[in-house]
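Chain by chain, the residues:
4 protein chains.
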Amino acid sequence: MSGNSFGTVFKVTTFGESHGAALGVVIDGVPAGLKIDRDFLDAEMARRRPGQSKLATARQESDAVEILSGVLDDVTTGTALAMLIRNSDQHSKDYSALENVFRPGHADYGYFCKYGIRDVRGGGRSSGRETCARVAAGAIAKMFLRELGIDIVAYAAEIGGVKAESFDIDVIEKNPARSPDLQAGELMAAKVAEAAAAGDSVGGVVGCVVTGVPAGWGNPVFDKLDARLAYAMLGLGAVKGIEFGIGFKAAKLSGSENNDPMSEGFEFVTNNAGGILGGISTGEEIYFDLAVKPTPSIAQEQETVNKAGENTQIKITGRHDPCIVPRIIPVVEAMTAIVLADFALLQRCAKVQE
Amino acid sequence: MSGNSFGTVFKVTTFGESHGAALGVVIDGVPAGLKIDRDFLDAEMARRRPGQSKLATARQESDAVEILSGVLDDVTTGTALAMLIRNSDQHSKDYSALENVFRPGHADYGYFCKYGIRDVRGGGRSSGRETCARVAAGAIAKMFLRELGIDIVAYAAEIGGVKAESFDIDVIEKNPARSPDLQAGELMAAKVAEAAAAGDSVGGVVGCVVTGVPAGWGNPVFDKLDARLAYAMLGLGAVKGIEFGIGFKAAKLSGSENNDPMSEGFEFVTNNAGGILGGISTGEEIYFDLAVKPTPSIAQEQETVNKAGENTQIKITGRHDPCIVPRIIPVVEAMTAIVLADFALLQRCAKVQE
Amino acid sequence: MSGNSFGTVFKVTTFGESHGAALGVVIDGVPAGLKIDRDFLDAEMARRRPGQSKLATARQESDAVEILSGVLDDVTTGTALAMLIRNSDQHSKDYSALENVFRPGHADYGYFCKYGIRDVRGGGRSSGRETCARVAAGAIAKMFLRELGIDIVAYAAEIGGVKAESFDIDVIEKNPARSPDLQAGELMAAKVAEAAAAGDSVGGVVGCVVTGVPAGWGNPVFDKLDARLAYAMLGLGAVKGIEFGIGFKAAKLSGSENNDPMSEGFEFVTNNAGGILGGISTGEEIYFDLAVKPTPSIAQEQETVNKAGENTQIKITGRHDPCIVPRIIPVVEAMTAIVLADFALLQRCAKVQE
Amino acid sequence: MSGNSFGTVFKVTTFGESHGAALGVVIDGVPAGLKIDRDFLDAEMARRRPGQSKLATARQESDAVEILSGVLDDVTTGTALAMLIRNSDQHSKDYSALENVFRPGHADYGYFCKYGIRDVRGGGRSSGRETCARVAAGAIAKMFLRELGIDIVAYAAEIGGVKAESFDIDVIEKNPARSPDLQAGELMAAKVAEAAAAGDSVGGVVGCVVTGVPAGWGNPVFDKLDARLAYAMLGLGAVKGIEFGIGFKAAKLSGSENNDPMSEGFEFVTNNAGGILGGISTGEEIYFDLAVKPTPSIAQEQETVNKAGENTQIKITGRHDPCIVPRIIPVVEAMTAIVLADFALLQRCAKVQE
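Protein chains in written order, with the numbering used here: chain E, 4 to 357; chain L, 4 to 357; chain B, 4 to 357; chain P, 4 to 357.
Among the hints, a few may not be true.
The list makes no distinction among identical chains, and a pair is therefore deemed to hold if it is satisfied within one copy or across any two copies.
As the list claims (entries may be wrong) - Below are the EDC-like pairs computed for lysine to aspartate or glutamate, each with C-alpha atoms no more than 16 Å apart in a straight line:
hint	residue 1	residue 2
1	Lys177	Glu189
2	Lys310	Glu267
3	Lys354	Glu150
4	Lys318	Glu304
5	Lys310	Glu270
6	Lys255	Glu197
7	Lys38	Glu150
8	Lys318	Glu306
9	Lys38	Asp76
10	Lys255	Asp203
11	Lys318	Glu102
12	Lys318	Asp203
Please keep in mind that the hints were generated in silico from the structure rather than gathered at the bench.
Make the full structure from the sequences, and use the hints.
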């Protein structure tokens, strides 16, 4: 119970460090009889993989997923489904320069205080590399949700101050920024390139939209649907905030403006709430936004301290995304899928008569 | 597992409906030997209680807490600590008008779809009344954290568009808005009164600051300190968003602007991160903001549907806070305390040699 | 997480000490729509209550259950169902004689080492009185299982060396020993009376039979049906052993003798396994036996130590069952029901297509 | 949550099928700073491996453990520790003969009813092969417990009706039966050989003794130390019963005979309780016995049914242990270690002041 598991009935446990032997995930609770779409799994992994465009790090990771258990003749058996992703370049670099110093904006100092250990190899367990295991698990969750007619799409709502002004779902995967607004996407890409040239990085906002969730999902009180999604999203290292529906804008409205009236046939006239009321889905589109901080690993020299607490400087070399937004998008979808797969199953237990 | 429990080692389970017999909470995992400060417990309950000022509902709740177990001679024994809060006015009202209709902005429709049951008595389990059990549990958690030198303060950062411009911790509990800026507090109160007069409500932003948490708390990966806090906060019905540190502002900065440099003696020069990096506390002040929506229960007529899905109107009568911000503040502190008490204990398990 | 919760989807949390204000239980996960049979609940409580016969302690406990939440118009709502049982005679006795000494055969010394606290009031949390909360929860579980056609019967298989030689389910509740063999029941009662007269106590064996569980319940690996039942049963203070099916007798057989052949229509010719194979129910009757130790509270003088570790003697006065077997029987049924209710719900999550 | 995880703070998740690609385990909650003793890990795996003697199956499994994560320079980092064991002979056999038929004494029929899937490859997830992952995790737990002075020894107390009459801890690993009585060990071996020759199998009793556990471990109520150990042990497929201390013998004693008196210095004069009272360790030796059924896979022809429920016969070919007792012994130790490592950590959370 040091934080490596997530979920209740559909429960995901990941393991692995950035530059260790391998990363992986065990899903305990995949229902039996799910057809595994191997191409889809590979495609999801490819979406997260670095080196897809100039916006992302050039590090080459093959990210080939080996399914170790829980699947027989391409169908899940109901037992623990484990997947393994080997690290190909684990010994390729000398990290000794980092051994005695803490990188600003990273978990280095906190981990050291927590465990008394300094795993310098690319950030160890706190590296974004860990998310490849989440994407693999998310792909399985998506296959299950697909059977239920649920679709999840995340996208770049803003990068480096440039906002998407239009929303065309079809262009998201067709521009390196993953913007739903092609034109804005080009400006976003320019901002990223500019930052990279300056040895710097930029942040942004990721949006996520879910369609097909019926009314009634989520749990009362502590395990509300939005609470669980927030738990999932803030569990991503770069995410510093989340808002559901119109979010912080609701704080400025009156009740008569913010409330979503209902109309004939259980339709909602507006959806300021983002598809969740009192923690339970309303049947409307679920949508939320995430604040993504600029990548902390930058080439510029930064002030920091060493293990003795003495002032020193650090210049982080190596391959790092000048903006994490495009690559975090499939991870956001994956975590959303993992949350929803769990609630889909929990929902079966809500009534005496199903 | 329908969402009524929260936490791992310090684990809270609440029960009770707004207009049922009683509400209560069981804490499983309070360490033995904690001195119970009965006055403090009562004071915390009083802070949440309605009818404290004109900003809040006039409903009279005594909110007397009876400790049922887990305490002997005012000291915790290590066994389950249960607390009970009777509802005094449970049969005081006729709810039959609501039986056939769903209130906009509430969980009514979602609960009905989930459970096939319509508990109309003041919102039932989804009522804000449920949070009195959280405040009782939070008071116990605060007693424990006090021994560790940890202090938690929440406040009204914004109400009805009026922002606190200064921060004086001493004035927070001295004005009905719980604003850290007395002057802004008066304007906030005026905005609330104005909305109430119009049969409407207003939202706002709650801030929370925690001092005294050492570096190293929180878990890697899924159970990050900020993730767990977000889980706790979005579990409050009116909260629609959360941001840690500078939050959504970080999305607009470059890495060189956003990163917090460290300096001699493991100090951080800035604290944009809000005291948490990679999900682990840095030893700096932890701070976050919450978007609180305007109270959905308003006196104005609203469009909605009945159980048959036909259009109808609703006018919500009765006593409702025209702004929930002041009263949610002790609840935010309580949930923060519950999260930190859990991580305080979990931290003891992090190393082979404590 | 100090052991006061049990179960996963149907999750029970109990609280309360023997001589504190009250005992109680919260069930998180009762499905909505269950009709509450109040008479049945009361009858179950009566079955566990002391003072039913000369075999049991004369202590008078009314054991009236107040349902605090989770039920509306006698039907469960799906939210946390809490029940409260007040202790009527909590201040009736002077326990100061026990304050400085550890009772043999009790948890006194262990609790003191664990928590550094000595709760002398009738054993505090480790008292058998705690089980009344389990019986209340078990009654709810039984109501749910009844809808599924599942029936649970426990009985005295042996007391003070006297074994039941026949099995008539109809006589169990008609003799004070709860023996399924009336004649043996009389001998058992005589053994208990004899022990009581000598200031001593006797142990015995409780059997339990469950009919109606379909094949396929239970989880692989760590959470097998028998494993969970064993977890539940060894959680009863007086239980020192459990065996499923023919149990320890199987250790003496060959595979050809022990294996249960199957025959036409998925019937099992024999049922040595006790209805569980590889941790999964087979559709046959589930049965198991429990070793119940003699009540440790006896009137004879016993050697023990005080808090300083010095030799001393103790004579336990007050009302204590000279044999716990008859009164543990409804508790065994209750815990069995709690386990099965959980697996009944979990089973709904086993397949993609239910 | 389909049963593949065990534990709370020290939490083990296993995966893998008998004839799939690999088996493995993730431990979430290994404290940081534990020195990994690679030789000890290999030795533990070797103790469980088949083909060690004529008592066991001749199947060759290399059982080489690859540590994938959580360890840096042979010391645990506090992050998830994953271990992988490849199956070498996964495609070596034709299982088509089993596809349509259920093996007596196995989980085949139950799994099929549960998941609607028939994984015939050597029993799939329900195979004893799964326990190699438990032994790997147990080896890590043992390394941790060694630091605390705790030692765990399991042994063959009885095989095929032959009981060990003496107890010499030093001979256990020196005879193929793992009997603590060399002479009895030879008779046990003869019984096994005899059964094997007849195409049959035998069962037995495994004993386990733990020294060094201080008083105070375990949780009250549902998560008692003996309850958790019973949960762990009945989670082993072949185990049909467990008794702590004198177990079922206690059922025949009076309280004055069964109670263990205490004497000067908190010593116990006797230890009928097996080192656990009221679910909490007493500081005395913990000991328990397990009923192990005869291996269900036997070469003799057996009556069974096919998937259509029609009568048929089955003769199980291949390599199977004619007695599982000797090989289950390291698994019993491993599960005991996993339970104790968890309680060792939980104990740190019991008091306000550690």
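Each hint tested on the structure:
| no. | hint | verdict |
| --- | --- | --- |
| 1 | Lys177 / Glu189 | within (11 Å within a copy, 52 Å between copies) |
| 2 | Lys310 / Glu267 | between (65 Å within a copy, 10 Å between copies) |
| 3 | Lys354 / Glu150 | between (22 Å within a copy, 12 Å between copies) |
| 4 | Lys318 / Glu304 | within (5 Å within a copy, 61 Å between copies) |
| 5 | Lys310 / Glu270 | between (59 Å within a copy, 12 Å between copies) |
| 6 | Lys255 / Glu197 | between (35 Å within a copy, 14 Å between copies) |
| 7 | Lys38 / Glu150 | within (10 Å within a copy, 33 Å between copies) |
| 8 | Lys318 / Glu306 | within (9 Å within a copy, 59 Å between copies) |
| 9 | Lys38 / Asp76 | within (9 Å within a copy, 41 Å between copies) |
| 10 | Lys255 / Asp203 | between (34 Å within a copy, 13 Å between copies) |
| 11 | Lys318 / Glu102 | within (14 Å within a copy, 61 Å between copies) |
| 12 | Lys318 / Asp203 | within (11 Å within a copy, 55 Å between copies) |
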